[in-house]
Structure formats: C-alpha cells, structure tokens
Amino acid sequence: MASILQFIANGLVFSSIIVLGSIGLSLVYSIADFANFAHGDTMTIGAYGALVTFGLVGGVGGTFLGLPLGFYIALVVGMGLAAVVAVITHVFVYRPLSTTSIGLLITSIGVAFVYRAGLQAIFGTDFRNYDVPRSGPLPFIQDSLGIAVTARGLAIVVLAAILVAGTHALLQYTTLGRKMRAMADNPDLARVSGIRTKRVILATWVIGSALAAAGGVFLGLFSQIDPRIGFDLLLIIFAAVILGGIGSVYGAMLGGFLIGMIHELTPLLKDVGIPIGIQYAPAVAFVIMVVVLLARPRGIAGELT
Amino acid sequence: MSTASLTDRIGSFSRGEQVATAGVGLLAAVLLVGVVVGWITVTYLLYLVALAGMYVLLSMGLNVQWGYGGLINFSVAAFFGVGAYGSALLTADSSPVAGGFSPVVGLVAGLLVAAVLAVIIGIPTLQLRDDYLAIASLGLAEVVRMIVLNEREITAGSAGLTGIPLFFADWPVLGSLEYPFVLYVGDTALFTMERSLLIAELNVLLVVVFIAVVYLFLRRIHLSPWGRVLRTIRTDEDLAKSLGKDTYRFKMQAFVIGSVIMALAGVFYTHLVLYLNPQDLAPVLTFYVWIAVILGGSGSDRGAIFGGFTIIALQQGTRFLNAAGTIPVDPAALRLMIVGVLIIAIVRVRQEGILPPEKELIWPGSTEGSADE
Amino acid sequence: MSNVTQGAVLGKDDPVLRTDGLKKSFGGLTATDDVSFEVERGTITGLIGPNGAGKSTLFNLVSGFYEPDEGSVSVNGTDVTDHEPHEIVGEGMVRTFQTPRKPEGMSVREAMLVGPQGQTGESILPLFTSSSTVRREERQSLERAEEMLERFEIADLATQSATDLSGGQMKLVELARAMMSDPDLLLLDEPVAGVNPVLAQKLAGFIEELHAEGQSFLIIEHDMSFIMRLADPIIVLNQGSVLVEGPPDAVRSDDRVVDAYLGGPA
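Chains as they are written, first to last, in the working numbering: chain W, 1 to 305; chain Z, 306 to 678; chain A, 679 to 944.
No lab work stands behind these hints, which were simulated from the structure alone.
Just so we're clear, the structure is a prediction, and the values are computed from it rather than from any experiment.
Built from N, CA and C at the ideal position, the CB exists for glycine as well.
Among the clues, some could well be false.
What the hints assert, rightly or not - No farther apart than 20 Å at their CA atoms in a straight line, the calculated lysine to aspartate or glutamate pairs in the EDC-like style are these:
1. A:K701 <-> A:D691
2. Z:K664 <-> A:D760
3. A:K690 <-> A:D910
4. W:K198 <-> W:D33
5. Z:K664 <-> Z:E322
6. A:K701 <-> A:E745
7. A:K880 <-> A:E828
8. A:K780 <-> A:D760
9. A:K880 <-> A:E831
10. W:K270 <-> Z:E322
11. A:K701 <-> A:E782
12. A:K690 <-> A:D757
13. A:K880 <-> A:D834
14. A:K780 <-> A:D712
15. A:K701 <-> A:D757
16. A:K780 <-> A:E762
17. A:K780 <-> Z:E322
18. A:K780 <-> Z:E542
19. A:K880 <-> A:D937
20. A:K780 <-> Z:E456
21. A:K780 <-> Z:D543
22. Z:K664 <-> A:E828
23. A:K701 <-> A:E762
24. Z:K664 <-> A:E824
Unchecked claim - Simulated restraints, written as ranges between beta carbons of each label pair:
25. W:A295 <-> Z:I459: 26 to 32 Å
26. Z:V402 <-> W:G61: 55 to 61 Å
27. W:L56 <-> Z:S501: 53 to 59 Å
28. Z:E456 <-> W:G273: 47 to 53 Å
29. A:A833 <-> Z:G622: 48 to 54 Å
30. Z:A327 <-> A:A871: 44 to 50 Å
What the hints assert, rightly or not - Where chain A lies over chain Z, by a calculated footprint (3+ residues, C-beta under 8 Å):
31. 463-471
32. 503-509
33. 527-538
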C-alpha cells in the first residue's frame with residue numbers, strides 16, 4: 001500500500017511537468033494551427049535560461065517552499081526567455097511562411113534542431129544540475145503517510161498547481177482568455193467571427209512557451225539538464241495532448257496528468273502480470289496514444305469542450 | 306502538340322537540373338582531387354559512394370511516402386533499423402538469437418518485419434489527419450530504439466553486433482574469391498587487387514543494382530493511375546475521396562512500400578559496415594533523409610538521388626571542417642544546426658525543391674496513341 | 679400557391695437519392711434537423727436557402743463526408759448511411775466542391791484521368807502483370823477526357839498545368855472530371871460562385887445539355903437567376919430543415935421563402 005502511495009507521489013511530480021508542457025502544446029496546436037515539434041526544445045531553453053540565471057543570483061534572499069528565492073528569479077527569467085525566443089521564432093520564421101499546417105509542422109522540426117544545436121554549442125552535452133542543496137524526504141510526510149517526498153518534489157507540485165490555476169483564471173475570466181478558448185475550440189468559427197487576431201496568436205506563444213519553460217525548469221530540478229531533455233519528452237507530451245483531445249486545454253491538463261501518472265506507475269504493471277521495465281515508460285505512453293487514436297481519435301475530452 | 310510540349314520539358318535542362326548537375330559534379334571533382342592528392346584512398350572513396358547509394362535508397366523510400374502521397378514519416382531511422390537489425394541478427398556470428406543464416410534470408414526477413422511494422426503504425430493513423438502520422442511515427446522511432454537498446458538478450462544492446470558477413474559472402478564465385486585477387490591472362494598477371502578494394506567495388510555494384518531495381522519498380526508504379534491517385538491525395542485527400550478513391554488503401558500501400566525500401570537500405574548498410582549498434586538508429590538520420598527529399602524535390606525520384614549525394618557532402622563536409630580545425634564548435638552541434646537551418650530555409654524559399662516532379666503521371670505509351678488522332 | 683408544398687415532396691416515382699430524417703449537430707448547434715427529401719431521376723433539383731440554412735452540411739452528409747447523428751441516406755435504392763465517401767461514389771453519386779483546390783503539379787488532362795472508376799492501373803499488381811490492359815484503359819480514358827474537354831470547349835487547356843487555370847476554368851474542369859466517373863447523380867456545390875457571367879452562362883448551357891441527355895443533378899447555388907433558370911423542382915432549406923419544395927416560379931414568389939430570406943418568421 002505504501003509503495004503504491006509512493007508511486008502516486010512520484011507520479012504527481014512528473015505529471016506536474018507533463019501538464020505544463022501539454023497546455024502549451026495544445027494551445028499552440030489549436031490556435032497557431034500546427035503540431036509544434038519545437039515545443040520540447042522550448043522547455044529545454046527554459047531550463048538552461050534558469051540555469052544561467054540561477055548561477056548568477058543563486059545566493060539571493062531566503063527560501064520559500066524549501067527553494068532559495070534566487071531560484072524563483074531564475075524560473076521567471078527562464079520562462080521569459082522561452083517566451084521571447086518563441087515570439088521571435090513566430091515573427092521571423094512561422095508568420096512569413098505562406099504554407100499549410102504541414103509546412104509549418106516540418107519547419108518546426110528545423111526550429112527544434114536550431115534550438116538544440118544552439119544550446120549544445122554553448123553548453124555542451126554534459127549533464128548539469130541546479131545548485132540547489134538536495135534534502136532528504138520531508139519528515140512530516142514520511143511520518144504520516146510512510147512515503148518519501150522531497151522538498152523539491154513538493155515545491156514542483158505546488159508551483160505547477162499555481163501556474164495551472166493562473167492559466168485557468170486567465171482562460172475563464174479575461175477577454176484574452178475567452179478569445180483564446182474560442183479559437184482553440186473552433187478555429188473556423190473564430191476565424192469567421194473575426195477573433196483570429198495577431199494579438200491572440202502572440203499571446204498564445206507567450207503563454208504556451210512560458211508554461212513549457214516552467215515545465216523544463218522543473219524537469220531539470222526533478223532530474224538533470226542536458227540539451228536533449230525537452231525533445232526526449234516530446235513524445236510523452238504529444239501522447240498527453242492526443243489523449244486529452246487536440247484543441248482542448250482542459251483535456252490537455254487531464255491528459256498530461258494521466259500520462260504523467262501512468263509513466264511513473266509503469267513498474268506497478270509487473271504486479272498485474274505485465275512485466276515491463278521503467279525504461280519502457282515512454283513506450284507505454286506511446287501505446288496509449290495509439291489506442292486512443294484507434295478508439296477515440298478526438299481524445300477523452302474531445303466532446304466536452 | 307501535347308507530345309511536343311512534353312519533349313520540350315524533358316529535353317532541355319531546367320535551372321534546377323543545372324544546379325543539381327553542377328552540385329554533383331563539384332562534389333565528384335573535390336573527391337577526385339582528394340584521391341589524386343592522397344587525402345583519401347580509392348577504397349574510402351568507393352565506401353563513400355556506397356554510403357551515398359544507401360542514402361539514395363532511403364530517400365527514394367521517403368519520396369514514395371512524402372513525395373508521392375504527402376505522408377509525414379518521422380520514423381525513417383526505425384524502418385532502416387528494422388532492416389539493418391533484422392538482417393544482422395539472422396546472419397552475424399555474435400547474434401544472440403539466430404545467426405549464421407544467409408544474408409538473402411536476412412534481407413527477406415528485414416523487409417517483411419518492416420512491412421508488418423508499417424501496417425501496424427498505418428492502421429491507427431492513416432485514416433486521420435496528416436499530422437497524426439507525424440506524431441505517431443516519431444513515437445515509433447523512439448520505441449524501436451528503446452527496444453534495440455534495452456533488449457540485450459536479443460539485440461546485444463549498446464555493445465552492438467559484430468561478425469556480420471558481407472552480403473555476397475555465401476555466393477558462388479564472389480564468396481570464394483581469393484585475396485589478393487590476381488587476374489591472369491595466360492601466365493601474365495594482368496592486374497592485382499587488394500581485398501578491401503575489391504570488396505568496396507562489389508558493394509558499390511550491389512547498391513547500384515538495388516537502386517536500379519527500386520528505381521524501375523518505382524517508375525512503373527509512379528507513372529500510372531496508382532501514382533496519379535496518390536498525387537491527388539497529396540493535394541487534396543477529400544477530392545480524391547469524392548472521385549471514388551479509397552484513399553486509406555492508397556496511403557497504406559505507399560507507406561508500406563516506402564518503409565520496405567528504407568529497410569532495404571538498412572540491410573545494405575548492415576552488410577556494408579559489418580558492425581551495428583543502437584547509435585545507427587539515431588533520429589538525426591531521419592532528418593538527413595527528409596532534407597534529401599525536400600531539397601531534391603518532393604515527388605521526384607531524380608531529386609531523391611540528388612538528395613542522397615547531398616547528405617554525404619553535408620556529413621563529410623562538416624567532418625572535414627572539424628578535422629581541419631577551422632571551427633571551434635562541436636561538429637555534432639554544427640551538423641544539427643545545418644540540418645535545422647536547411648529545413649527552415651527549404652520550406653521558406655523553395656518548397657518545390659531543386660528538382661520538382663515534372664512528369665505527367667500517365668502510363669507510358671498511352672499519350673502517343675491519343676495524340677495521333 | 680397550391681403547387682408549393684410545405685416540406686419536401688416525398689414518394690416520387692424513381693428517386694435516385696433519398697434522405698430520411700437526417701440530423702446533425704456540432705457541439706450543441708444543430709446544423710440539419712430531420713431533413714427528408716428526394717431527387718427524382720432525370721431532374722435538375724435545386725437546393726437553396728439563406729446562409730447557415732445547412733446546405734453544405736447536407737451535402738457533406740449525403741456524400742459521406744459527415745456521419746449523420748440520426749437518419750438515413752440511400753442512392754439508387756441502396757442504403758449508404760455511414761458509408762465511406764468513395765463507396766458512395768461507387769453507388770453512382772459524385773459531388774464537387776465549392777472551392778476546388780487546384781491539383782498542384784498536374785496537367786489538366788492528368789487531373790481528368792483521376793475521374794474514371796475502377797481503373798485496373800490503380801492496383802499495384804496489374805501494373806506488372808497486365809500492363810497492356812492498363813495501356814488500353816489509359817488510351818480510352820485519355821480519348822474520353824479529350825472528348826469531354828472539347829465538349830466543354832476547353833480542349834486547348836489539356837496539357838496546361840492545372841495551377842495556371844482561372845477559377846472559372848477550374849470549375850469547368852471539375853464538372854468535366856466528375857462526368858468522367860459516369861455518375862447517376864451529380865452533386866454540384868455552387869458551380870458558378872466566383873465565375874464571370876459569360877462563363878456562368880456557358881456552364882448553364884452545358885448543364886442543360888447534359889440534362890437533356892438524361893443526367894440527373896442536385897445543385898446548391900446562391901445565384902438565383904442561375905438556379906431558377908436551370909432547376910425544377912427547387913427545395914428550400916431554412917434553419918436546418920426543408921421549408922418548401924416546388925417549381926421555380928412558384929417558389930420565387932412564395933411568402934414563406936421570402937420571409938426566410940429576409941430573416942423574418944418562417
């Protein structure tokens with residue numbers, strides 16, 4: 001029992017990262033109208049942006065949720081950097097293109113490589129870590145539930161929850177958010193009714209990339225940073241978005257949560273007679289994606305919007 | 306009148322053809338100079354040509370999918386890998402599973418597995434919008450690599466497979482040639498050839514045969530009603546449906562044929578380099594081939610051939626720059642950057658590629674009849 | 679107006695197309711609601727209605743591009759509900775699109791050759807085993823394509839690239855190509871939208887000619903003078919349901935139709 005709880009706790013942390021990635025991918029997918037294969041590398045940019053910033057301001061102030069305040073500055077800078085890079089890419093690469101969504105998709109692969117090559121040229125391929133002291137499991141959780149949760153794990157979940165709640169508020173209670181939802185739900189209808197403005201698309205890139213970057217920073221905090229972390233996560237994030245139903249932001253949240261959970265619960269499959277190693281967790285996400293495409297191509301939330 | 310305008314188009318060299326000819330000519334010149342000056346040996350040159358031939362095969366395979374039918378396959382490396390590992394596992398001494406079979410058996414097995422895999426990934430995606438195949442195939446590539454890397458008992462994992470025989474190792478004559486090979490006329494030795502050089506020549510011959518067979522096969526299916534339906538699907542799938550075409554069947558056929566050709570390239574590669582490890586399945590291979598196809602001209606088999614040689618120029622060029630110490634950057638990063646920039650630039654500047662398809666897809670010999678009237 | 683019926687006229691002698699209670703909604707928005715109508719063989723049936731009346735949805739439903747939530751479609755007496763679009767073509771009904779996408783990199787005659795049904799050369803094996811059959815069929819199809827292009831007075835375009843055609847010329851090619859598949863019923867989606875008046879006149883003439891030879895049509899069109907000249911009967915769609923059906927003159931002056939177009943109470 002405790003071990004299942006432990007897996008669920010780990011799943012929560014990983015889910016938080018996937019959810020942040022999925023929201024942005026889904027928003028861009030439905031509003032900019034193409035599958036953005038550079039989304040994973042946008043996460044990586046965020047992670048490195050925060051790495052450099054944290055190197056500069058690491059010692060600032062006290063701590064919050066067990067993380068130094070400097071880390072929060074680094075997080076914000078990383079999110080900002082990713083947003084700026086995404087907007088520049090949109091303005092100079094995607095927007096001038098007179099092509100179909102398929103042309104954009106192929107271009108985004110090129111963009112992904114340019115991002116990653118740039119990071120690799122600057123930082124090399126070595127693993128790096130945020131210089132945040134690692135602490136053991138939080139005693140009060142260990143005592144009450146008997147599972148090990150680190151301070152940084154808890155911080156990731158709490159911060160992701162705050163960001164998701166913020167996104168929800170933005171989508172529900174602001175004009176911009178309502179326009180974004182209208183465009184995401186039904187691009188054709190929104191186009192006809194004149195909502196498709198440059199501003200909405202720009203805002204989508206900013207929000208989507210900033211959330212992705214936060215996911216990238218948390219991923220770096222959760223494990224390590226190298227130039228491939230984002231691209232390696234892309235498959236899982238796509239699986240989450242397809243599970244949730246392309247075009248549905250809330251579907252992406254739900255899909256991200258489920259895929260993240262399943263990813264971390266893979267070892268438990270052994271107990272139900274499917275002997276499969278943790279190294280195959282992404283493959284499990286892939287299989288789920290294929291099954292969803294076969295059974296319900298519009299995703300589990302496809303009809304809810 | 307119709308035939309005249311057709312010959313006009315084929316007869317003269319278009320601008321794209323001039324560029325392509327100049328490019329390949331320049332590459333050939335540089336390599337020949339390299340041989341004369343002694344930078345590279347003839348054997349290595351032949352090896353490069355064989356490798357370029359392998360990329361030509363891969364490009365022709367992707368061209369069937371993307372060029373003919375507009376199918377986005379980001380799984381080139383996986384189908385290549387299935388062919389390569391399929392054949393290697395059946396033929397290599399060090400194979401953890403079978404080993405010792407003839408490479409011809411390996412070839413058949415590799416192609417079969419690729420066909421089955423293509424059907425499996427095609428079923429859930431080919432009835433949906435084009436981008437689902439892109440996403441799912443990216444996943445497939447990762448999963449295949451994961452399996453090759455982790456299932457050590459089957460694939461030898463990261464240690465790789467050694468002891469792979471040459472493709473013609475068990476053939477009569479070729480398999481039993483004595484090295485160094487000396488050709489006698491009467492009692493005089495006409496010429497002597499080192500083992501490595503002879504093997505390199507045979508490999509080039511083999512890949513030329515593979516390319517010729519694939520090219521003739523593709524020409525026949527492309528210049529036909531079948532190819533014409535795929536070309537229609539590529540522009541507007543709904544239109545093809547509205548004209549009574551079962552687009553799912555056509556897309557599936559194109560996807561399977563393309564994947565099998567990629568696996569053929571993998572089989573050739575295995576018996577060319579005689580050593581295989583999971584690194585050979587790195588995703589970047591997929592995107593080299595994409596560049597070859599979209600640069601050469603999507604839908605054009607000549608373009609695919611041109612593109613195959615471009616990849617070699619790109620790979621060797623960056624390697625050379627690095628060896629010459631002229632750049633301070635990690636060559637892998639540089640190559641990735643070039644791949645990325647090329648993809649962006651081609652879509653932006655010249656979507657039709659350098660050698661866009663120009664032929665009408667009408668069965669050869671049919672147009673003359675109607676023009677006579 | 680006694681010859682304008684409320685709703686569609688059902689129970690015709692020899693309907694080539696019949697729908698029964700077709701219903702389709704998108705996310706709570708009902709696009710068509712309980713649409714039943716019939717197209718009598720040998721007629722040019724017009725389908726009109728104000729914007730958003732559900733005409734295009736209806737076309738997509740009968741041609742298999744959308745699946746209906748409820749109701750059924752039959753072509754030549756065969757139930758084709760939930761059939762794939764290409765299967766419905768096999769039953770004898772072919773449609774065109776409002777804004778035809780130009781087939782990139784194809785010549786006009788090449789595009790025409792996609793029309794004929796059941797071509798041997800569309801399967802891979804016969805390309806190698808029965809190459810002479812494929813050649814014979816290709817010659818026949820080419821001959822027909824050239825006849826058809828001549829008939830539509832665009833024979834000079836045969837070897838031109840389809841991308842160079844004007845919108846109006848493309849519409850003619852579309853019609854010619856659809857005829858290549860020998861349909862029992864041809865569904866035309868706004869055949870003269872964006873076509874200059876001279877060409878539209880010509881197009882109307884061609885449709886009348888084909889009709890005189892027994893070809894059946896179902897046509898959506900916004901251009902009232904065009905549709906009123908060609909079609910009889912005319913079915914009027916409003917807010918997702920059939921409002922009335924009748925001959926063009928009677929429909930034109932029917933109060934319910936006028937109200938529907940003016941946006942008043944139907």
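Quiz item: When you check the alpha-carbon spacing of K701 (chain A) and E762 (chain A), does it fall within 20 Å?
Solution: 18 Å, holds
Quiz item: K701 (chain A) and D691 (chain A): Cα distance at most 20 Å?
Solution: Between K701 (chain A) and D691 (chain A) the Cα gap is close to 25 Å, so the pair fails against 20 Å, i.e. violated.
Practice problem: Would you check the hint for K880 (chain A) and D937 (chain A), treating anything up to 20 Å between C-alpha atoms as holding? | Solution: 32 Å, violated
Self-check item: Assessment of proposed distance window 48 to 54 Å (beta carbons of A833 (chain A), G622 (chain Z))
Solution: At 51 Å between Cβs, range holds.
Quiz item: Between K664 (chain Z) and E322 (chain Z), is the straight-line Cα distance small enough, at 20 Å or below?
Solution: Cα-Cα ~14 Å, so holds.
Quiz item: Given the hinted pair K780 (chain A) and E542 (chain Z), is their alpha-carbon gap at most 20 Å?
Solution: 12 Å, holds
Practice problem: Please work out if K880 (chain A) and E828 (chain A) have their alpha carbons no farther apart than 20 Å. | Solution: 13 Å, holds
Quiz item: Holds or violated: are the alpha carbons of K780 (chain A) and D712 (chain A) at most 20 Å from each other?
Solution: 35 Å, violated
Quiz prompt | K780 (chain A) paired with E762 (chain A) [C-alpha distance capped at 20 Å] | solution = 23 Å, violated
Quiz prompt | Restraint check for K270 (chain W) with E322 (chain Z), where alpha carbons must lie at most 20 Å apart | solution = Given pair K270 (chain W), E322 (chain Z) is violated - Cα atoms ~58 Å apart, limit 20 Å.
Practice problem: Could you check the hint for me, namely that L56 (chain W) and S501 (chain Z) are 53 to 59 Å apart, CB to CB? | Solution: For L56 (chain W) and S501 (chain Z) the Cβ distance comes to about 55 Å; the hint holds.
Quiz prompt | Satisfaction of hint between D543 (chain Z) and K780 (chain A), Cα-Cα up to 20 Å | solution = Distance ~13 Å between K780 (chain A) and D543 (chain Z) Cα, so the pair holds.
Of the numbered hints stated above, those contradicted by the structure are hints 1, 2, 8, 10, 11, 14, 16, 17, 19, 20, 22, 28, 31, 32, listed in ascending order.
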